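Visitor: Taking the UniProt record's numbering, the leading residue of the sequence shown gets 1, the next gets one more, and so forth.
Some hints could be false.
[To be verified] When the alpha-carbon atoms are kept at most 27 Å apart in a straight line, the in silico DSSO-like pairs for lysine-lysine are as follows:
(1) Lys21 with Lys42
(2) Lys4 with Lys21
(3) Lys59 with Lys19
Calculated directly from the structure, the hints in this document are not laboratory data.
Predicted, not measured: the structure shown is a model, and the values here were computed from it.
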Amino acid sequence: MITKFMSEVTTKFNPFSPKAKSARLFLSCIPPAARSTGLSIKTVLLPRTSTESPSLFVKFRGGYPRAIADTKR
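Take the sequences, apply the hints, and build the full model.
Guide: Pasting the structure below:
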């Protein structure tokens with residue numbers, strides 16, 4: 001994944017929920033060296049009993065924020 005245009009990734013999900021698949025896959029595609037290029041990764045793990053829907057937000061270098069996760073399943 002090309003991460004040089006991203007400045008911040010924020011995720012919030014329950015790792016045991018099937019709805020969190022997109023957030024888990026997105027985080028797994030980020031290369032380990034991305035933090036050294038200035039990418040800030042913030043992750044909040046929700047408890048197993050949480051009913052809150054997962055979220056995935058990406059902020060690009062130009063300041064443009066984008067919500068990525070589709071949780072309508």
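Visitor: Are any of the numbered hints broken by this structure? If so, which, sorted upward?
Guide: Those not satisfied: there are none.
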